[in-house]
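Sequences are here, hints too, so could you generate the full structure?
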Amino acid sequence: MEKELDKVVEEIMSTPNVSGCLVADHQGLCLASKGTAHVDSAGLIVAISEQASKIQPYVKPPTVCLETDDKICLIQRHGTITGAVFKQKA
Amino acid sequence: MEKIPDQLGYLILTEDGAVLESGGELENDERVAIIITDLISLSNSIDPVAFGPEEKFKKISITYDDHWFVICISNKKIYVVKRSIQSSPSESIAVNV
Numbered sequence: 001m002e003k004e005l006d007k008v009v010e011e012i013m014s015t016p017n018v019s020g021c022l023v024a025d026h027q028g029l030c031l032a033s034k035g036t037a038h039v040d041s042a043g044l045i046v047a048i049s050e051q052a053s054k055i056q057p058y059v060k061p062p063t064v065c066l067e068t069d070d071k072i073c074l075i076q077r078h079g080t081i082t083g084a085v086f087k088q089k090a
Numbered sequence: 001m002e003k004i005p006d007q008l009g010y011l012i013l014t015e016d017g018a019v020l021e022s023g024g025e026l027e028n029d030e031r032v033a034i035i036i037t038d039l040i041s042l043s044n045s046i047d048p049v050a051f052g053p054e055e056k057f058k059k060i061s062i063t064y065d066d067h068w069f070v071i072c073i074s075n076k077k078i079y080v081v082k083r084s085i086q087s088s089p090s091e092s093i094a095v096n097v
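So the sequences go chain by chain: A and B.
Counting in this note's numbering, the first sequence runs from 1 upward without gaps.
Counting in this note's numbering, the second sequence runs from 1 upward without gaps.
No lab work stands behind these hints: they were computed from the structure.
Hints are not guaranteed to be accurate.
Unchecked claim - Mimicking PhoX-like on lysine-lysine, the simulated pairs with C-alpha atoms at most 25 Å apart in a straight line are: (1) B/K58 / B/K77; (2) B/K56 / A/K89; (3) B/K77 / B/K3; (4) B/K59 / A/K54.
What the hints assert, rightly or not - Cβ-to-Cβ under 10 Å is the rule here; a few derived chain B residues that face chain A: (5) V19; (6) S22; (7) I36; (8) F51; (9) F57; (10) D65.
Ideal Cβ placement from N, Cα and C applies to all residues, glycine included.
Here it is as C-alpha cells:
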C-alpha cells in the first residue's frame, strides 16, 4: 500500500538540493520520512500547516516556506495529507 | 512599509502579538496577528535533525494562489507584509499570443 507513497518520496529526494522529505496525515502521524526529516517533527509540521490555513480558512491551504541562512523547509497540505520538503539553498 | 511593491497590507507586531502599526487590508487585523505569532512560536521548535539548535528561521512566507504573506523579525518586532502575486511578463505575452 505504501509503495506509491514511497515512490513519490524517492522522486522528491532525487530532486537537486533536497535533503529531506516527510509526509504526515491530518492527525500529525508520520506516513513517510526520508533524509534529514525526523519522524518526530510530523506533528509540528501538520500544526504549522493548519495554523497557516487559519488565515484564510475558505481557500485552498497555502504553501508555507520557512527559511534559514542556507536551508529551506516547504510545507504544503493537500486534503488530509501534509507534505514537507527540506532543501539546501542553491 | 507602504512603499513595498505589490503590497496589499502590512502589520508590525510586538513579540507577544500586539499590533504596533498596520495598514491596507491588514489594518488592525488582530486575528491575523494572533495566528502569525502562534505560527512563529510553533516554527521555533521544528526538526532538530534537519535544522541545528543554532539555526533560527529568518523568514517565513505563506503563499496562496494570488497573494503571499512574508514574515520577518527584526529588533524584537514582527513584520508582516501581504503582497499580491503578479503573473510574470513572459506568461502574459504567452496569453496574448
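Hint by hint, here is what the structure shows:
1. B/K58 / B/K77: holds (13 Å)
2. B/K56 / A/K89: holds (15 Å)
3. B/K77 / B/K3: Answer holds: B/K77 to B/K3 is near 19 Å, not above 25 Å.
4. B/K59 / A/K54: Between B/K59 and A/K54 the Cα gap is close to 19 Å, so the pair holds against 25 Å.
5. V19: At 15 Å from the nearest chain A Cβ, B/V19 fails the 10 Å test, so the hint is violated.
6. S22: At about 15 Å, which exceeds the 10 Å cut-off, the nearest Cβ of chain A leaves the hint on B/S22 violated.
7. I36: Interface hint status for B/I36: holds (8 Å vs cutoff 10 Å).
8. F51: holds (6 Å)
9. F57: holds (5 Å)
10. D65: With Cβ-Cβ at 7 Å, under 10 Å, it holds.
Checked against the numbered hints given earlier, the structure breaks hints 5 and 6 and satisfies all the rest.
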